[in-house]
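Asks: Chains V and X, in that order, are what the protein sequence lines are. For the first sequence, this note's numbering begins at 1 and goes up steadily by one. For the second sequence, this note's numbering begins at 1001 and goes up steadily by one.
No lab work stands behind these hints: they were computed from the structure. Just so it is clear, CB atoms sit at the ideal spot from N, CA and C, and this is done for glycine as well. It is possible that some hints are incorrect.
[Unchecked claim] Simulated restraints, written as ranges between beta carbons of each label pair:
1. V:H44 with X:M1040: 47 to 53 Å
2. X:L1044 with V:E174: 31 to 37 Å
3. V:L108 with X:V1164: 33 to 39 Å
4. V:Q15 with X:G1188: 27 to 33 Å
5. X:G1188 with V:A325: 27 to 33 Å
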Amino acid sequence: MRATFSHKGRRKKEQAVLAYVARRIVYVIPIVISVALVCFLLVHITPGDPLVAVLPADASQELAQQLRTAYGFDRPLPVQFALWLWRAVNGDLGHSIATGRPVLSEVLRAVGNTVTLAIAAALIGFTLGLLFGLIAGYFRDSWIDKLATSFAIAGVSVPHYWLGMVLVIIFSVELNWLPAVGAGPGGSSAWGWDWEHLRYLILPAITTSVIPMGIITRTVRALTGDILSQDFVEALRAKGLRETDVFRHVVKNAAPTALAVMGLQLGYMLGGSILIETVFSWPGSGLLLNSAIFQRDLPLLQGTILVLALFFVFLNLMVDIAQAAIDPRIKRG
Amino acid sequence: MSELPIGAIADTALQAAPVAKARGYWATVGRRLSRDKVSMACALVLMAIFVAALIAPWLGLADPYQGSMIRRLRHIGTPNYPLGTDELGRDMLSRLIYGGRLSLIIGILPVILAFCVGSSLGLVAGYIGGKINTAIMRTIDVFYAFPSVLLAIAISGALGAGIVNSIVSLTIVFVPQITRVAESVTTGVRNMDFVEAARASGANAFTIMRVHMLGNVLGPIFVYATGLISVSMILAAGLSFLGLGTKPPEPEWGLMLNTLRTAIYVNPWVAALPGAMIFAVSICFNLLSDGMRSAMDIRN
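Build out the structure end to end from the sequences listed, making use of the hints.
Replies: Right, here's the structure in full:
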C-alpha cells in the first residue's frame, strides 16, 4: 500500500517536472522570435542607408536601385523581417560584405575558439569560486572569509580588459614567459590541444575567469550562510551527524542555485568575450564582432549577434531544465 | 542562581529602551553606514576623485591636450611629470584627473537615466499588475536574452561611435535590470496592510504610488542602482576602449587605455594607469553598495 503510494507520488513529481520543461520550451519560442527581431532591427537603427556599406562610393542611381531590390530593402519592414527570418531558419544569414563568405560559417568557425576560451575560463573561475564561496560561507567573519570576500569583490570590480593588459605587462613584457596575443604559433587561428597552443590560452583564460570567480564566490558564500542558519542544520548536528556530513547537506542544498548562476556566467563569457578577445587578439566571435563593427559589415554584425544571443537563450533553457530536474521542490510560475 | 535571569531581563530592558525611542528609518541607516569604515573610506576616495575632476582647471595642472614629441612616454616619477607622459607627450597626471570628468559622466549617467525609466516602469507594472504588467515584463524579458556586454556592444556598434550613443546603449542595457528589481519590490509592498488601508480610505492610484509606495520602493532600487554604477563604469570605459565611445584627443580613461596599448613595450606601467582609475571607482561603488545594503537591512 505504502509502496504504491510513494510510487504514485514520484510519478506525479516526474510529470510536474516534464510539464514544466514543456512549458519552458514553448515559452522559448516567442523569446527566440523577439531576439531575431532585435537583431534584424539593429541594421535599421544604423544611421544612414544600410546600402552604404555595400555600395561603391561612385555608384549610379540605377545600380543603387538594383541593389536595393536585390537585398529587398525596397519592401516594407515586416515583409523584410519575415523573409530574413525564413532564410535565417534555413541557415542562411547572408554574406559578409568584407569577405564575401557566408556569415553562418564565419561565425561558427569563430565561435569554436570562443567556446575553448570560455570552457578554460569556466574551469578556473568555477573551481575557485566554489572553493572560496564554500570556505568563506562556512567560516564566516574569519580572516579566511575576509580574504575570499576581498578576492571576490576585486573580481567583480576589475575592468577585465585592463587586467588582461596588466597580465600581458607582467608575463609577456617583463618576464617574457607567455605570448601576449594570438591563439597559436605563427598567428594561426586553428586551435590544438598541445602546449604550443595552451601557452596562448593561459592569460586570456585567467582574465576571463575573474568575473565568474567573484560572482560565484559571492553567491555561494551567501547561500552557505543561509543554509547553515536554517533549523534543519541544527537538527542534523543534534542528531550527531559528523561535520563532514553536514557539509555534504550544505553542498546539496546550494547546488541548484549555484548551478543556475554558473550556467548564466558561462553564457556571459561566451557572449561578452569581445573586450578580452580584442586585448589578446583571440580569434573568436568577439574579435569577429569587433571587425564587423569597424568595417561596417552589417550582415556579419547581425549574424554574429544573433548566433551569440541564441546560444545564450539555449544555455538559459538548459540551466532551467537541469535545475528543475535536480530540484523539483522549486515551484515555478 | 536566581539573580542571573533577573539580570538578563534587566539587560534586555535596557537594550530595548533606545529602540522604543523611534528614530527615523533613514537616520538609522545613515548612522549605521557612517560607522562602517570600509564604506566611509570608499566614499572619501570617490569624493576626492569627483572633486578633483570638478575643479581640475583650477588645480594648476598641465594642459591635458598639449603634447610634445620630445617628451613622449616619460616614466612615472619624472620631475615635473609625477605620473609620466603618454604616447603623445601629454602629462598623465593632468589627463587622469581631467579624464575623470568624461569617464564619470558616461559611467554614471546611464545608471541615473535607467533608474528613472526603470523604476517608473517597474512601479507601474508592479502596482497595476494584470495585462500591463505582462506587457512590460515580457518586453523586458527579450533584453534579458542578451548578455549585457553583447547588448551594449550591439546597440553601440549599430548606432556608431560617440558619447551620446554609448550613453544611450548603456541606458538600454540597465533599464530592464532596474525594472525587474522595481517590479518585484513593488509587488511585495503592494499587498501590505497600509497600502490596502490607503486604498480603502479612497486614495487614488497615483496618490498611493507617490505617497505610500515610492518611499518604500526607492531604497532597495537605489542600492541596486549604486551597485550597477560599478558595472556601468567598466562597460562605458570598455566601449571607449573598443573605440565606440569617446573620440581622441578627449581625456577619458577607457580611450586612454586603448591609445596607450601600443606603448606597453616601451613604458608598461604608465600604460596601465587609466585602468587603475576605472578599477578604483568601480570597486568603491561596489563596496559602498554592499555597505548600504547591510546598513538598510535593519532587521538583522
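Asks: The structure should be examined with respect to each hint, and the outcome stated for every one.
Replies: A quick look at each hint next to the structure:
1. Take V:H44 and X:M1040: their Cβ atoms lie about 49 Å apart, and the range 47 to 53 Å holds.
2. With their beta carbons about 33 Å apart, X:L1044 and V:E174 fall inside the hinted range of 31 to 37 Å.
3. One distance hint, 33 to 39 Å for the beta-carbon pair V:L108 and X:V1164, holds here, with the actual separation near 35 Å.
4. Remark: the range hint 27 to 33 Å for V:Q15 to X:G1188 is upheld by a beta-carbon distance near 31 Å.
5. Here the CB-CB span from X:G1188 to V:A325 is close to 29 Å, well matched to the stated 27 to 33 Å.
Hint violations for this structure: none, all hints satisfied.
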